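> From first to last, the protein sequence lines are chains R and Y.
Residue numbering for the first sequence follows this note's numbering, starting at 1 and increasing by one per position.
Residue numbering for the second sequence follows this note's numbering, starting at 1 and increasing by one per position.
Calculated from the structure, these hints are not laboratory results.
Only a predicted model underlies this, so the values are computations on that prediction, with no experimental measurement involved.
Any given hint could be a false lead.
[Claimed, not checked] What follows is a list of derived Cβ distance ranges for each label pair:
(1) R:SER312 <-> Y:GLU260: 36 to 44 Å
(2) Y:ARG330 <-> R:ASP19: 39 to 47 Å
(3) R:LYS54 <-> Y:ASN190: 52 to 60 Å
(4) Y:ASP302 <-> R:ALA44: 39 to 47 Å
(5) Y:LYS35 <-> R:ASN17: 48 to 56 Å
(6) R:GLU357 <-> Y:HIS284: 36 to 44 Å
(7) Y:GLU260 <-> R:THR115: 46 to 54 Å
[Stated by the list, open to error] Facing chain R, according to a computed beta carbon distance under 7 Å, are these residues of chain Y, among others:
(8) ASP134
(9) PHE157
(10) PHE272
(11) GLY340
Beta carbons: idealized from backbone N, C-alpha and C, even for Gly.
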Amino acid sequence: MKPDPSQKPSAHADLFNEDHEALRTQVRAFVEKELLPNAQEWEAAEAFPREIFKRVGDLGFFGLKYPEDVGGSGPDYLADAVVTEEFARCGSAGVSSSLGGHKDLATLYVSNFGTPEQHKRWLAPAIAGDIVGGLAVTEPDAGSDVAGIKTRAVREGDDWIINGSKIFITNGSWADFIVVAVKTDPDQGHSGITLFVVDTDTPGFSSRRMPMLGWRSGQTGELTFADVRVPDANRLGDEGAGFLAIMQNFAWERLIMALAQVAGAQMTYEVAKAYALDRTAFKRPIGKFQVWRHRFADMATRIEAGRALTYSALRKYIAGENPIKEVAMAKLYTSEVAFKVADECVQVHGGYGYMMEFPAQRAWRDSRLGPIGGGTSEIMKEIIGKTLGL
Amino acid sequence: MAWPFNAEHDELRKSIRAFVEAELAPNAAEWEKDKYFPDWVFSRMGELGFLGLAYPQTYGGGGGDYLCNIVLAEEMTRSGSGGLAMAIAVQTDMAVPPLYKFGTEEQKQRYLVPAIKGETIFCLGITEPDAGSDVQNISTFAEKVDGGWIVNGRKIFITNGKRAHAMTLVAKTDREAGHQGISLFIVETNTPGYKVERTLDKVGMHASDTGEISFTDMFVPDENLLGKQGEGFYNISWELQGERLVGAAGSIEGARRALEGAIAYALQRETFGKPIAKHQVIRHELADMATEVEAAQQLVYDAAVKVARGDYPVREITMAKLLTGEVAFRTADRALQIFGGYGYSMEVPIQRGWRDSRLIRIGGGTDEVMREVIGRMEGL
Chain R
1 MKPDPSQKPS AHADLFNEDH EALRTQVRAF VEKELLPNAQ EWEAAEAFPR EIFKRVGDLG
61 FFGLKYPEDV GGSGPDYLAD AVVTEEFARC GSAGVSSSLG GHKDLATLYV SNFGTPEQHK
121 RWLAPAIAGD IVGGLAVTEP DAGSDVAGIK TRAVREGDDW IINGSKIFIT NGSWADFIVV
181 AVKTDPDQGH SGITLFVVDT DTPGFSSRRM PMLGWRSGQT GELTFADVRV PDANRLGDEG
241 AGFLAIMQNF AWERLIMALA QVAGAQMTYE VAKAYALDRT AFKRPIGKFQ VWRHRFADMA
301 TRIEAGRALT YSALRKYIAG ENPIKEVAMA KLYTSEVAFK VADECVQVHG GYGYMMEFPA
361 QRAWRDSRLG PIGGGTSEIM KEIIGKTLGL
Chain Y
1 MAWPFNAEHD ELRKSIRAFV EAELAPNAAE WEKDKYFPDW VFSRMGELGF LGLAYPQTYG
61 GGGGDYLCNI VLAEEMTRSG SGGLAMAIAV QTDMAVPPLY KFGTEEQKQR YLVPAIKGET
121 IFCLGITEPD AGSDVQNIST FAEKVDGGWI VNGRKIFITN GKRAHAMTLV AKTDREAGHQ
181 GISLFIVETN TPGYKVERTL DKVGMHASDT GEISFTDMFV PDENLLGKQG EGFYNISWEL
241 QGERLVGAAG SIEGARRALE GAIAYALQRE TFGKPIAKHQ VIRHELADMA TEVEAAQQLV
301 YDAAVKVARG DYPVREITMA KLLTGEVAFR TADRALQIFG GYGYSMEVPI QRGWRDSRLI
361 RIGGGTDEVM REVIGRMEGL
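Extracted from the complex, chain Y is given alone in its bound form:
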């Protein structure tokens, strides 16, 4: 038990770890190769209560605090597949939380409850081919008609895009209103006009499916507007905080896995008559890696504790996302280097962490966007 976690968190960690090691990790290599994992992972995790750790029990949640989500994100790294962990995080910390935060009671019963059970898999539709970092520049448009909305547009890089039953969608509802012209919707993926155009082949995160999705004259009923009309930009900005923090928590714990792997290898591999860990440069390199991982992880915890007590720590979350992204990739890169030629072989798993960890510097807002946010918050 170490700050910020209590005995209950530790118990939870134990049970998640047992599940991940028994039921996920043994399949990771195969799922990475297939570039897909089966849907039962969602329903199984729902059954175990892992998809709703911090939601009230009235909706089938675990009634825990926010740190439970951090524990889940950390333990998912033990699956050995960043793509798998990301797909689950989209459900637990990205696409679904807006339903709880902004949804009506009826929407919660209809979508949140089955999402927590893992029966309804969600994806999140923000990014478009021509609008990634600048959300307000999206062009997907929802036109008001009698009884609902007609949506046209296109979304890209959508995690769970192929398998999802429902999407939390960000669309323009007023082209002239800037930030105030954006709204959120819940869209069932079997709605006429909703089409998964293709799945995208990525350099990493292979077990997760990534879709490009089009909407053609897709009718969405009034009752599926999520939150108030015109408040979508602010609501999705709230969502992005959770997305960034869970991404930071998972990626820095993933870096810890890479560090552990590098240390174990460095102690066992010998060159010039001694284990490479005993060469001073490698020992110091590992010391730097450990120090950076520790610092970045503590920054994540600092932000997480603030979220858990009800603050809205945008500055700390943004810093945590920026720093963990850099440290996670740099740690994976140094680990790969320590593995030498084996690091470059697809038969040794260290390259997977290297490929997977590269995404955190891009997804959920690039490093450059993080620096813009931090700069603004520092009064620059």
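Chain R on its own, in the form it takes in the complex:
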């Protein structure tokens, strides 16, 4: 997608300060120079160069919410949010989600629940972009229903033996390490879940890349654990503490998704608007037809509302609250808005919208994952319903 030069970086001064805006300009320059021009090619190839992780690590964009002792420059979660928003403008959710899966899923778990030794082993090199991480919770028969996972870890002396499979794992087919949720006590529901870090060169671990409807340059994997032996030193957090850890991290994970969806929708909107002003039918630009003008008004309104809702949840998160309801609402609403905007972008392009050479279809396919990944819209509504006392 072509950037719109008239689109100035966000000016939400009450949330982001000058340093954040300077960072935004820096990240945007990187994205527009090194990622966006390659999006079409990487998507067609269904892969992007792994060296991008190193490049992003060198630029320091993985380390903004992590402290200096592990190679970060924070902790500054707002700065990290800025990076997420700008990555979402790279024109390919495959790329941005791979970077995000590394930055906000795998490393966040190691950071939040790891020992200093574990930080040294996985977090520091991951922040540097030397190794790539993934988070594996979902299984073939347990997606939304986390407590229903079946992958087992059985204690054997100082080691654990892991057996099972995981599916739809971002970075799964090329990660160096996987944070995996397993049952250590199958008789317990929630409290039988424990986290481990598994190096992917461990014997018994294998993966295959899953072809997806969108996110095509990403390396989504199906993982198999066949008698994978890991030492107890790879256990992340206490035995049985995995479910709570997952629930705790969901807040940031979903906030990040909402931020990315709003930023992506904004970009898609700009692409659609540029086309609507350029393309003429019945002797005038289609953007000037009343119906389309109103549809753009609707899109712009929903994007603004989604951004405001997301920022409100972010503000609470930064203040140390656990805004479960606002986060669920933001994730639900922005994923629907992002897909709706992409669908309108396809429609305004007419026949060209259906063609692979135009970015509209990619935004449309990519954004369709929003209402599914990281907890479906149905799960978000369940959470919201509960917070409403229903």
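Add chain Y to chain R, keeping to what the hints say.
What follows is chain Y alone, placed relative to chain R:
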């Protein structure tokens, strides 16, 4: 046997279904992957009589009524490939019907008869890079010369564009005459000056080939003018009714396939200790989907019955195209959602229906054009 179909339609449906399930469906995944299907599908369907169900037997047709075409469009959805179904529909309900309706006896013998046999594959050349919804704004021009016409111009999004032997072409013959300045031609694709510039890669409808085609000083003889000179706009408007109605019929039946898939999955997939179909929200979602599919399909049947009895129900056809387009995609989208993460996997077919069904809101006239037509017909 349910309205509007009779026992003969049901027999026909049975035989088409047997063919589709035995000879097309098993190949669909491969053809989708290849982004092409072999030409034998046309000749085989011609041999079985499926390409000319409603034409008189004197031309090799089946002598049936219009509802036979609806039966064919519905059963083609069982192939599992929207692109395949669309390519066949272009032959049966878009590019060829104008030959029968407006062609001379000689043109019918020369082009209609082999088209019904599936020996001559047709494509339809309306859309241009700068003129989609507004047909009268096309710039492909046919200049009158001695004994024929010299055509220059370009067409895009042409289904069967790569494989076609002949094109039903819409071109300007008088730049000053507005609606009256458009005419139809039959063009053989091996005519000097006819060139398939490229095939286009689409987000869905993968088994069908879509071409961009250029005409450079292409000579078309007088005898290939189809219908009267200057009547092309009205004649192609007639063609578009058939195109829209068959598109509506196929897409809403495709939605029925997605609905069936979603119901089967919802009954089998368990979360939180029970099949997801037993969660009230999913049950109600499926109920909404079924209701919308039923309503839209009945609207298609209403329009089809009117066509079958000789009416020209532009209003109902336009409404059917608009509503089925929206319902078909929304149904596919909700089905995909019910499949959760699997819905997003290219290894599960539900995403194909989602990608394929998105085209009906664009092709054959966009939703916006449908609303314009309906608005006009409602006196607005």
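> Compare the structure with each hint and give your call.
Evaluation of the provided hints:
{"no.": "1", "hint": "R:SER312 <-> Y:GLU260: 36 to 44 Å", "verdict": "42 Å, holds"}
{"no.": "2", "hint": "Y:ARG330 <-> R:ASP19: 39 to 47 Å", "verdict": "45 Å, holds"}
{"no.": "3", "hint": "R:LYS54 <-> Y:ASN190: 52 to 60 Å", "verdict": "55 Å, holds"}
{"no.": "4", "hint": "Y:ASP302 <-> R:ALA44: 39 to 47 Å", "verdict": "44 Å, holds"}
{"no.": "5", "hint": "Y:LYS35 <-> R:ASN17: 48 to 56 Å", "verdict": "51 Å, holds"}
{"no.": "6", "hint": "R:GLU357 <-> Y:HIS284: 36 to 44 Å", "verdict": "40 Å, holds"}
{"no.": "7", "hint": "Y:GLU260 <-> R:THR115: 46 to 54 Å", "verdict": "52 Å, holds"}
{"no.": "8", "hint": "ASP134", "verdict": "5 Å, holds"}
{"no.": "9", "hint": "PHE157", "verdict": "5 Å, holds"}
{"no.": "10", "hint": "PHE272", "verdict": "5 Å, holds"}
{"no.": "11", "hint": "GLY340", "verdict": "5 Å, holds"}
Figure legend: structure checked against the earlier numbered hints; every hint is met.
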